[in-house]
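Undergrad: Take a look at the letters that make up each chain.
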Amino acid sequence: MRPFIYEQPTDISAAVALASNFTTRDDQPTRANAQFIAGGTNLADYMKLGVAEPNRLLDLNRLEEQKLRQIRVTEDGIRFGALVRMGEAADHREVKARYPVIADSLRLAASGQIRNMASLAGNVLQRTRCEYFRETSWACNKRVPGSGCAAMDGFNRQHAVLGGSDACIATYHGDFAQALIALDAVVHAEGSRGARKIPFAKLHRQPGDTPHIETDLAADEIVTAIEVPALPWARRSLYLKIRDRESYAFALASAAVALDLDGETVREARIALGGVATVPWRASVAEDALQGKKLDEASAGAAADAAFAEAQPHQHNAFKIELGKRTLVRALLETRDMKV
Amino acid sequence: MDAAAPKPKENQGEPLPRVDARLKVTGQAHYPADLPTANIAYGALATSSIARGKVTKLRLDDARAVPGLLDIVTYGDMDKVDKPKFGNSSATSVGPLHDRTIFHDGQIIALAVAETFEAAEEAAQLIRAEYDEEKPTASFDSPGTKTVAAAGKSPMFKEDVKAGDFDAAFAAAAVKIDQRYSTPTQHHNPIELFSTTAYWQGDQLVVHEPSQNVTGWKVELARQLKMDPAKVRIVSPFIGGAFGSKGPMTPRTAIVAVAAKRLGRPVRCVTSRMQAFGTQTYRAETRHRIRIGAGKDGRITAFAHEGWEVTSRPDLYVVGGTSATGRMYGYGSVLTHVSLVQADRNTPGYMRSPPETPYVYALENAMDEMAATLGMDPVEFRRINEPKTEPIGKKPFSSRSLIQCYDQAAEAFGWAKRDPKVGAMRDGDWLVGMGCATAIYPTAVAPCAARVRLTIDGDVRLQCGSHEIGTGVRTVAGQMASERLGVAIDRISVEMGDSSLPPAPVSGGSISTASVCSAVLKACDAIRTKLYAAATAEGGPLAGSHNEDFDLADGKIVAKSGASAKVEDVLKTMQVGAIEEYAEFAPKGATPEALKKLYAGTPEFHGGDQDEDSVKYAFGAEFVEVRVNRYTREIRVPRIVGAFAAGRIMNTRTARSQLMGGMIWGIGQALHEATEVDRRYARYVNRDLQDYLVPVNADIKDLQVILVPEVDHAVNPAGVKGLGELGNVGTAAAVASAVYHATGKRIRDLPIRIEQLLV
Ligand SMILES: Cc1cc2nc3c(=O)[nH]c(=O)nc-3n(C[C@H](O)[C@H](O)[C@H](O)COP(=O)(O)OP(=O)(O)OC[C@H]3O[C@@H](n4cnc5c(N)ncnc54)[C@H](O)[C@@H]3O)c2cc1C
Ligand code: SF4
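From first to last, the protein sequence lines are chains A and B. By UniProt numbering, the letter at position 42 of the first sequence is numbered 42, and the numbering carries on one by one without gaps. By UniProt numbering, the letter at position 264 of the second sequence is numbered 264, and the numbering carries on one by one without gaps.
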C-alpha cells in the first residue's frame, strides 16, 4: 500500500474545493490523484491491492451537512443522504413499507458489518469485483486502458452477459442500484461546476471502448443524495437475489421488480436485472412485454426471453442467460403473489 | 448438557470446556504473528506472475527507493543455504531463490524487508520481474502433461491394491455401472494467515510460525541452514486453522531466517491471502473412473477404482485414496490404479483427510448410483455389502460400527419417511431430496514423547511438542493426566507447540489424540508406579498393602481395601518436591528405529492398513436433506445428521466440534469450494475469500452429530481412534445423493453448482 495524504474536509464546499484543487477536468474519479472516501469498504480494499492509487483521500465522514445522513420521506418520495449507511436504510420502517425492493436489495447485500460501515453513495459507486481487475498482474482494460482483457477468454463465470463490449465484460455487482434504476431514482451531485441532478439510468456507463470511464461524475463531484420519486404501487415490489450460498455473496442473477396490477393484469411493471450486466440494468423491453398482459408463467417467461434477447455468453457464464430468465420469472410471480 | 456438550455414553469422556477457551475468546492467545517482538522488521513477498519460464531481470530500483526499506533478499542470497527437500516436512523441493527457473504461478522471487509492514508491502509490489516465458501446462487435458504411475512414489502409497479377478467378475456381473467423477483444486484458506517470524540469539535461531510439525521443521530447517538442529527452535503455541496447510514447511521460512540474520533483527513476514494460493500447498484436483458390478441381489462382485491426480513437475505428491476405498465394502474382487499427472503447478499437499475426501466421494457417489440402478435403498445396499474381513488382505477390522452408525443416523434423520421415488418430495416451490453416504478414516498412531510432573502442591505440568490446531488436544491430553493422576483439570498446565518440548509426531492423519494420550498415559502410569511403590514401601503410609489395585483420586492414593494415603504425604516420605516422568511411547509393531525417527522428525505411522493383525478404521454415516428451487435451482442444505464411531471419545464436546466442523466443510466441498485455474496461464484466478466460497453461518441450519459408543483396545493403549478428519469424508457424496433424489440429476463433478442443475 502506498503512502497517501488524508484529509477531512468539514463541509461540502470545502471538499469540492479540495477535490478540484487536486484533480483536473478530464480526470476520472476512480483514477484521479484525489479521491473521496466514505465507508472505505470498497476503496480501501482496492488501495491495499494496488488497484486504486489515489495519493490524497478526502474523507466525507466529517462533512457537517446533516442532510447527508438523513432519510427523508415526503409526499414526493424519499430522499436518502449520501452518507446514510446501508444497514440504516435497510432497517428503515418507511423504506420497508413503501419500497420493499429497496430494503430487500440492501438487506441481501454484503454482511452486517459491511452494511454498518458502507454508505449508500459508496454502494452505488462500488467498482467491479472482476478477479482479473482485482489482481494487478493481469491484463485489464479497466485498470490499465489498452492492456487487454484477461477475463474475455479466461475464467469468466461471474461476468456479464448484457452490456459488455470487446474491451470489457465486468459485471456491476451492486444490488441497491437495481432497485434505484427500476424506480427512476435521481442522483444529486455537487461539484466545482455547481449542483446537478443525474437520472440514475445515466449515472453508470457501459464499458464500450473505454471501460475505465465508469460513471458520469467528474472527479470533483460529490454525490449528496439519492432521491426516489413517490410510487404508491411500489409497495408491491421485491428484490430476488440468486447466489452460490445463502448469504454474503454477490448475485449470480438478481431481479428488482415492482408491479402495478389490475387483478392479475399488469398495468405497469418496473424491472431491473443484476449480476448479469455491466451496469445497473433496466429491462424496459420486459416491462413493455408485460404491459396489459395477464401475469402468469407464460407471459413472465416471454418477458424474460425479451430481456435477454441480446445477451452475449462467454465460456463460463452462458448459464446466466437461463438463470437470469428464471430469476426474473420467479421474481415476477412472487411479486404478483405478494400480500400488500 | 446442551448440544455442544453431549452427555457421554459408554467409553466417552466428559465434555470439559477447552482449557484455552478463555484465552482464545478474550484475545489473550498469542498466535505466532501476534507475538510482540522488539525492534522487529517486516518482510513482504514478491511473487511471480507467470507459471513457467525464467526470470531474466529483476528491477529493484523502485523498491529500493521506498522510504524505510532495509533489505531485499533475492537470487544469490540463498546460495549458502541448501534447497528444501520434498517429503515429510517440506512442502516442495523448489528453492525459489536458488535458481531463476519458475516452476509455478506465484513462486517467490524476492522478500522485501522494511521498517514497517506498509513499506515492505509497497516495496514488494514495486519489484518488477522480466521473464523468458514458456507456455505452461495447467492441469488435466492441457498439452504437455506427463502421466506416471503413483505406486511406490510415496512411502505412504506403496501399491495399487487389488483382489481376485476383477475383469472376469465385472464381465459376468448382472448389474453394472462405469462412471467418471472429479474434484477440483481446493485451498485450505485458514483464517489465520501464513506467517514466519524469525530471530537469532547468537548462533541460535528461533522461529515463530504456525506449524503442525515443530520437530520435523526444526530438523528440516537446520538441514537447509546447515545448522545443528539443537540450535533451531520452532514455536507455535496457537494455530488459527491449519487443515494440513501448516503441516509441511514452505521455502519462506528459511528465506525469512536468512533475512533476520542479514539484518541482525527479528523479521516477520505475513503472507497475503492471495499469495498463499501459490506459496502454500493445496488439495490436488482429482479424476476418477469407478466400475461396480453386482448381482441382482445387490451383492457387489467387482469393484474398480482408477484415480488421476494433478501434481507439480518437480515433486510427485500422491493423494492415493484407493487403500480405503478398496477396503470399504465386501467386494468380491478389487482392481485399483492411481496415476499422477504432472503440470506447471505448485506442489499439492495434505488437506483434511487428504486421500479419503476425493476418493471416498467418488466411491460413495457411485454406490448411490449403483443402488439406484439396482432399485435398492442406498442404506440397504451398504448393509448387504458389509464385509466380515476387508477384501484386500482378508484381515479383520479391529472394530467396525458402520451399520450401527447407519441405523442411529437414519433413525435420527427420519430416513423412513423418505419417498424413494426421485423428484417425488416437494415443499412448495422447493424440490426436496434426501441422501446418505459412508465416512471412513484410517486409525493411525505414531511414537510420541511427553513429560509429566506432579508436584507436592498437587499441580501437574504436562509438556509435549504436539500442536493445538484447534482440535482440543491440549484439553484431552490434560484430561488424560487428570484421570490417571487424580488431579482436577484446573491444576494441570499443558504446554505444546514448541520444538524444545518432548517430540510429538506431525499433527496430521488424525493421530494426535491417540499418540499424545498414549504417551501421557505412559508418563502418568510411571508416576503412579513410583508413588505406589513409595507408599507401600516400609515406613510408607500404605506399608504392607502390596500388589493391590489402587487408584488416584482427589490427591490421594486409594487402595482397593479402602486404605488411602495423601500424595503429598507420599512425596514427603520420598523426600522430594515433585515426581517427573519422561515417557516415550512407541506403538505396537514399531521398528527398532521408531524412536530415533521421532526425534529426527520423520515418525513412523502404524495402524490403518499397515498392521499384521487387523486393519483399523473409524466409520460414520451421514444423511443430508437438500432443497432445490424449482425455478432457479439454487441448492440449500436445511438438515444434516452424522453418526460416527471412533473408539474411546476423550471429550464429547471437542469430538462433536471436530465432526461438526468436518460436516460443514463437507457441505462446502459439495457446493462451494473450488480454486479456479486460468488454463491459458496455469494461474489461480479466485485468490481470495470473496471468490473462493466456503459456507457461511446462514448455509448451515440443522446439524446433528451422534457419537456412537465403540470400544477398541487394539488400536492403541488409549483406545482412541482419530476423528479430526472423519467428518468431512462422504459428506459431498451424501449431498450429491440428495441432489439426485430431488432432481433426478446425477452430478459427478464437484462442486455442484446452479449451472449443472439448470440444463
Ligand atoms: C466482502 C464484501 C461483500 C460485498 N457484498 C456486496 C453485495 O452482496 N451487494 C452489494 O451491493 N455490495 C456488496 N459489497 C460492496 C459494498 O456494498 C460496498 O463496498 C460499499 O457499499 C461501498 O460503500 P463505502 O461507503 O464503503 O464506499 P467507499 O469504499 O468509501 O467508496 C466507494 C467508491 O465511491 C466513491 N464515493 C463514495 N462516496 C462518494 C460520494 N458521496 N460522492 C462521490 N463519490 C463517492 C469513492 O471515491 C469510491 O470510488 C460487498 C463488499 C465486500 C467487501
Ligand atoms: S472484464 Fe473488464 S475489468 Fe475484467 S479484466 Fe476485462 S477489462 Fe478488466
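FYI, nobody ran anything at the bench for these hints, they're computed from the structure. Be aware that one or more of the hints could be misleading.
[Claimed, not checked] Example chain B residues on the side facing chain A (calculated, C-beta under 10 Å, incomplete):
id	residue
1	Lys158
2	Glu159
3	Asp178
4	Gln179
5	Arg180
6	Arg426
7	Asp429
8	Thr632
9	Ser657
10	Gly661
11	Asp702
12	Gln704
[What the hints assert, rightly or not] Listing some non-contacts, in silico: residues in chain A with all C-beta distances to chain B over 12 Å:
id	residue
13	Arg93
14	Asp288
15	Ala318
16	Gly324
17	Lys339
[Said to hold, decoys possible] Now the stretches of chain A that chain B is said to cover, found in silico as 3 or more residues with beta-carbon under 8 Å:
id	stretch
18	97–108
19	187–195
20	255–268
Note that the structure is a prediction, hence the values are computed from the model and not measured. Where a beta carbon is used, it is the ideal one built from N, C-alpha and C, also for glycine.
Undergrad: Can you give the numbers of the hints that this structure goes against, from lowest to highest?
TA: 1, 2, 3, 4, 5, 6, 9, 10, 11, 12, 15, 16, 18, 19, 20
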